[in-house]
Amino acid sequence: EAVEKFKAILVAEGAEIVNEENWGLRKLAYPIQKKSTGFYQLLEFNADPSVIAKLEINFRRDERIIRFLTFRMDKYAAEYAAKRRSVKSKEVKEN
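Under UniProt numbering, the residue at position 35 of the sequence shown is numbered 35, and the numbers go up by one with no gaps.
Treat the hints as calculated values from the structure; they're not laboratory data. Warning: the hint list may mix true and false statements.
[Unchecked claim] Derived Cβ-Cβ restraints for the label pairs, each shown as a range:
id: 1; residue 1: 60; residue 2: 87; range: 32 to 38 Å
id: 2; residue 1: 34; residue 2: 14; range: 22 to 28 Å
id: 3; residue 1: 91; residue 2: 62; range: 31 to 37 Å
id: 4; residue 1: 24; residue 2: 93; range: 27 to 33 Å
id: 5; residue 1: 13; residue 2: 91; range: 18 to 24 Å
id: 6; residue 1: 53; residue 2: 22; range: 22 to 28 Å
id: 7; residue 1: 62; residue 2: 87; range: 20 to 26 Å
[Said to hold, decoys possible] Below 25 Å or equal to it, Euclidean Cα-Cα: the simulated DMTMM-like pairs (lysine to aspartate or glutamate) are:
id: 8; residue 1: 7; residue 2: 79
id: 9; residue 1: 35; residue 2: 4
id: 10; residue 1: 88; residue 2: 16
id: 11; residue 1: 5; residue 2: 62
id: 12; residue 1: 88; residue 2: 4
id: 13; residue 1: 75; residue 2: 21
id: 14; residue 1: 35; residue 2: 62
id: 15; residue 1: 35; residue 2: 21
id: 16; residue 1: 75; residue 2: 16
id: 17; residue 1: 75; residue 2: 1
id: 18; residue 1: 7; residue 2: 48
id: 19; residue 1: 83; residue 2: 1
id: 20; residue 1: 75; residue 2: 63
id: 21; residue 1: 27; residue 2: 4
id: 22; residue 1: 93; residue 2: 44
id: 23; residue 1: 93; residue 2: 79
id: 24; residue 1: 90; residue 2: 1
id: 25; residue 1: 7; residue 2: 63
id: 26; residue 1: 90; residue 2: 44
id: 27; residue 1: 27; residue 2: 62
id: 28; residue 1: 35; residue 2: 79
id: 29; residue 1: 54; residue 2: 74
id: 30; residue 1: 54; residue 2: 13
id: 31; residue 1: 27; residue 2: 48
id: 32; residue 1: 7; residue 2: 74
id: 33; residue 1: 27; residue 2: 63
id: 34; residue 1: 90; residue 2: 13
id: 35; residue 1: 27; residue 2: 44
id: 36; residue 1: 34; residue 2: 74
id: 37; residue 1: 7; residue 2: 20
id: 38; residue 1: 5; residue 2: 63
id: 39; residue 1: 88; residue 2: 13
id: 40; residue 1: 88; residue 2: 56
For every residue, glycine included, the Cβ atom is placed at its ideal position computed from N, Cα and C.
Start from the sequences and build out the full structure, keeping to the hints where you can.
So, in structure tokens, the structure goes:
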């Protein structure tokens with residue numbers, strides 16, 4: 001539900017969602033707000049810098065999100081992510 005909300009915000013602002021991965025429920029490295037587990041989600045997208053500010057404001061306002069990390073990928077990280085996506089798609093096709 002929360003993921004769909006933020007994907008809708010991105011699409012409404014004109015962002016292109018490149019990749020989405022649900023990492024599922026994982027143990028946190030240390031307790032945050034007395035919670036020891038959390039759902040991890042990876043969204044890779046192309047957007048204007050102004051969209052990032054709006055998205056982060058919404059992250060901070062939503063109490064379901066206890067931590068988030070937003071970063072800009074350089075050309076090497078983008079190449080690595082593309083290779084990673086192609087390997088994952090090959091694995092899915094083989095299974």
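Do the hints match the structure? See the list:
1. 60 / 87: 32 to 38 Å: holds, 34 Å
2. 34 / 14: 22 to 28 Å: Once the Cβ atoms are compared, 38 Å apart, the range 22 to 28 Å for residue 14 and residue 34 is violated.
3. 91 / 62: 31 to 37 Å: holds, 32 Å
4. 24 / 93: 27 to 33 Å: Taking Cβ atoms as reference, residue 24 and residue 93 lie about 22 Å apart, which means the hint is violated.
5. 13 / 91: 18 to 24 Å: violated, 32 Å
6. 53 / 22: 22 to 28 Å: Taking Cβ atoms as reference, residue 53 and residue 22 lie about 25 Å apart, which means the hint holds.
7. 62 / 87: 20 to 26 Å: violated, 32 Å
8. 7 / 79: holds, 23 Å
9. 35 / 4: holds, 23 Å
10. 88 / 16: holds, 20 Å
11. 5 / 62: holds, 10 Å
12. 88 / 4: Between residue 88 and residue 4 the Cα gap is close to 22 Å, so the pair holds against 25 Å.
13. 75 / 21: Given pair residue 75, residue 21 holds - Cα atoms ~21 Å apart, limit 25 Å.
14. 35 / 62: holds, 16 Å
15. 35 / 21: holds, 22 Å
16. 75 / 16: With a Cα-Cα distance of about 17 Å, the restraint between residue 75 and residue 16 holds, given a limit of 25 Å.
17. 75 / 1: Violated: residue 75 and residue 1 sit about 32 Å apart, past 25 Å.
18. 7 / 48: holds, 15 Å
19. 83 / 1: Roughly 29 Å between the alpha carbons, so the hint for residue 83 and residue 1 is violated.
20. 75 / 63: The given pair, whose Cα atoms are some 33 Å apart, is violated under the 25 Å limit.
21. 27 / 4: Answer holds: residue 27 to residue 4 is near 23 Å, not above 25 Å.
22. 93 / 44: Holds: residue 93 and residue 44 sit about 21 Å apart, inside 25 Å.
23. 93 / 79: At roughly 21 Å apart (the allowed maximum being 25 Å), residue 79 and residue 93 satisfy the hint.
24. 90 / 1: violated, 29 Å
25. 7 / 63: Roughly 17 Å between the alpha carbons, so the hint for residue 7 and residue 63 holds.
26. 90 / 44: The given pair, whose Cα atoms are some 19 Å apart, holds under the 25 Å limit.
27. 27 / 62: Roughly 21 Å between the alpha carbons, so the hint for residue 27 and residue 62 holds.
28. 35 / 79: Distance ~35 Å between residue 35 and residue 79 Cα, so the pair is violated.
29. 54 / 74: holds, 22 Å
30. 54 / 13: holds, 9 Å
31. 27 / 48: violated, 33 Å
32. 7 / 74: holds, 22 Å
33. 27 / 63: Within the cut-off at roughly 19 Å; holds.
34. 90 / 13: violated, 31 Å
35. 27 / 44: Distance ~22 Å between residue 27 and residue 44 Cα, so the pair holds.
36. 34 / 74: violated, 35 Å
37. 7 / 20: holds, 10 Å
38. 5 / 63: holds, 13 Å
39. 88 / 13: Violated, at about 28 Å.
40. 88 / 56: violated, 28 Å
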